[in-house]
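Line by line, the protein sequences are chains A and B. First residue of the first sequence: 11, per the working numbering; consecutive thereafter. First residue of the second sequence: 3, per the working numbering; consecutive thereafter.
Treat the hints with care, as some may be off.
Covered by chain A, according to a simulated footprint, are these stretches of chain B (three or more residues, beta-carbon under 8 Å) [unchecked claim]:
(1) 5-18
(2) 31-37
(3) 42-51
(4) 128-134
(5) 139-147
Label pairs and their calculated CB-CB ranges [stated by the list, open to error]:
(6) A/181 / B/90: 45 to 55 Å
(7) B/53 / A/20: 21 to 31 Å
(8) A/111 / B/173: 34 to 44 Å
(9) A/19 / B/19: 45 to 55 Å
(10) B/90 / A/105: 47 to 57 Å
(11) B/115 / A/63: 43 to 53 Å
(12) A/136 / B/19: 27 to 37 Å
(13) B/49 / A/11: 28 to 38 Å
From the structure, some residues in chain B lie toward chain A, with a derived Cβ separation under 7 Å [as the list claims (entries may be wrong)]:
(14) 21
(15) 122
(16) 152
(17) 155
(18) 160
(19) 163
(20) 165
(21) 166
No wet-lab data here; the hints were simulated from the structure. Every residue gets a Cβ at the ideal spot worked out from N, C-alpha and C, and that includes glycine.
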Amino acid sequence: MTRIAYREPEDMTEQARELTFARGNLNVYRTLANAEKVFTGWMLAGQAALTSPVLPLRLRELVVLRTAYLMDCPYELGQHRDVARTAGVSSDEINAITSESDWRTDHFNSTELAVLQLTTELLTTRSVSDAVFDQAHRDLGSEATIEVLMVINRYSGLALMLNALDVDLDESARLPIPARKDRTDGLTS
Amino acid sequence: MSRIPLVGIEQQPEPIGEFMARRGNLNVFRVLANAPNVFVGWAQLVDELFDSPTFSLRMREVVILRVAHLQGARYELGQHIGIARGAGLTEQQITAIVDTDDLDTAGFSRTERVALDLVTELCGTHHLTDDSFAAARAAFGDEALTELLMLISCYYGLAFVVNAVDLDVDTAARFQP
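Chain A with its partners taken away, still in its complex shape:
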């Protein structure tokens, strides 16, 4: 049961309300809107991450799910199991990624494995070995590597907030996947 009251849309600033509605009026936003002096910035940071075309949607969702699993965050897992499915991740793949080590088997391509290895090592040891970092960086390039790290940044930090406030998973509402800017030179896998 969510530990603090949800902020009602009529008690938000117009910009905060618009951002909240555009993202499905989820419990996470209605809870964090209590921090009204910083909520808009946090939502804009999220919007930038959700609309950037640099990471393939599927790869982003793999990182989100792996982060949510390692952070033990039921809310993120509940939302993103469904978002990941929409992004082309199969149920078997979702089960593999939300387990201790099944993700190491043959579900994922080499770039995805390198990114999952980086995510796992970083979240469990708080640092990354040269070999693991270099593999991901070689596959992704600098821009996409930083974007992967920023996804880990955002969802690990969010997991702490969701767990601390024990936010209830929405019954049926799910994060809509916003349109992303066109990009022709993006990664293909």
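With chain A fixed as given, assemble chain B onto it according to the hints.
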């Protein structure tokens, strides 16, 4: 030595250049600038966290140092120990937060202690017990508690980035809070 090249301030698009001119020409901004699509939104969050009047500079630095220590974030500590000193933390208090864990005798206020305990439990276990949550809520109220979590979240997540990149601490440039 940073594992990803740092982008020069002169190569930044206007909003990033403007942010760095105000907040500092820091290695962390120069490395994040490799991903301009997400930098600007993230910078807006940083601005709101530091422009908000909810917490004193001192309280923010207490929280940031504790998060940075628990995350083993050499870069964050390198930036924020000096800022914490400037915000009025004593050497004994800084040592207690980032080294000895000897928080009881360092002369923190009751509210600072609640914040430190919250950070320690949350970063260590990823959760808060009912009792810990109740103590934090009583000390801060809903708005400030949620904002405190936003601050923790920002530095906790950023620690993973600077650790992964193995970012060098700036030789002279300092964050302008």
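Tested hints:
Requiring three or more residues with a Cβ within less than 8 Å of a Cβ of chain A, the coverage given for the stretch 5-18 of chain B holds, as 3 such residues are present. Requiring three or more residues with a Cβ within less than 8 Å of a Cβ of chain A, the coverage given for the stretch 31-37 of chain B holds, as 4 such residues are present. Counting residues of the stretch 42-51 of chain B whose beta carbon lies closer than 8 Å to any beta carbon of chain A gives 9, which reaches the threshold of three, so the coverage claim holds. With 3 residues having a beta carbon nearer than 8 Å to a beta carbon of chain A, the stretch 128-134 of chain B meets the requirement of three or more and the stated coverage holds.
Coverage of the stretch 139-147 of chain B by chain A holds. Counting CB-CB distances below 8 Å, 4 residues qualify, and the rule asks for three or more. Roughly 47 Å separates the CB atoms of residue 181 of chain A and residue 90 of chain B, a value that falls within the hinted 45 to 55 Å. One distance hint, 21 to 31 Å for the beta-carbon pair residue 53 of chain B and residue 20 of chain A, holds here, with the actual separation near 25 Å. Checked against the hint of 34 to 44 Å, the C-beta distance between residue 111 of chain A and residue 173 of chain B comes to roughly 42 Å, which is consistent with it.
For residue 19 of chain A paired with residue 19 of chain B, a C-beta distance near 36 Å fails the hint of 45 to 55 Å. Taken as a hint, the range 47 to 57 Å holds for the pair residue 90 of chain B and residue 105 of chain A, whose Cβ atoms sit roughly 51 Å apart. For the hinted restraint 43 to 53 Å between residue 115 of chain B and residue 63 of chain A, the CB-CB distance of approximately 46 Å keeps it satisfied. The supplied range of 27 to 37 Å is met by residue 136 of chain A and residue 19 of chain B, whose beta-carbon atoms lie about 31 Å from each other.
The given range of 28 to 38 Å is respected by residue 49 of chain B and residue 11 of chain A, whose C-beta atoms sit roughly 34 Å from each other. Against a cut-off of 7 Å between C-beta atoms, the interface hint on residue 21 of chain B is violated, since the closest Cβ of chain A lies about 12 Å away. Hint status for residue 122 of chain B: violated, given a least beta-carbon distance of 12 Å to chain A, over 7 Å. For residue 152 of chain B, the shortest C-beta to C-beta distance to chain A is roughly 5 Å, which falls under 7 Å, so the interface hint holds.
With a cut of 7 Å, the hint placing residue 155 of chain B at the interface with chain A holds, because the nearest CB-to-CB distance is about 3 Å. A distance limit of 7 Å between C-beta atoms decides the matter here; for residue 160 of chain B the minimum to chain A is near 6 Å, and the interface restraint holds. For residue 163 of chain B, the shortest C-beta to C-beta distance to chain A is roughly 4 Å, which falls under 7 Å, so the interface hint holds. Here the hint on residue 165 of chain B is kept, as its CB sits about 5 Å from the closest CB of chain A, short of 7 Å.
Because the beta carbon of residue 166 of chain B sits about 5 Å from the nearest beta carbon in chain A, less than 7 Å, this interface hint is met.
When the structure is compared with the earlier hints, violations turn up for hints 9, 14, 15 and for no others.
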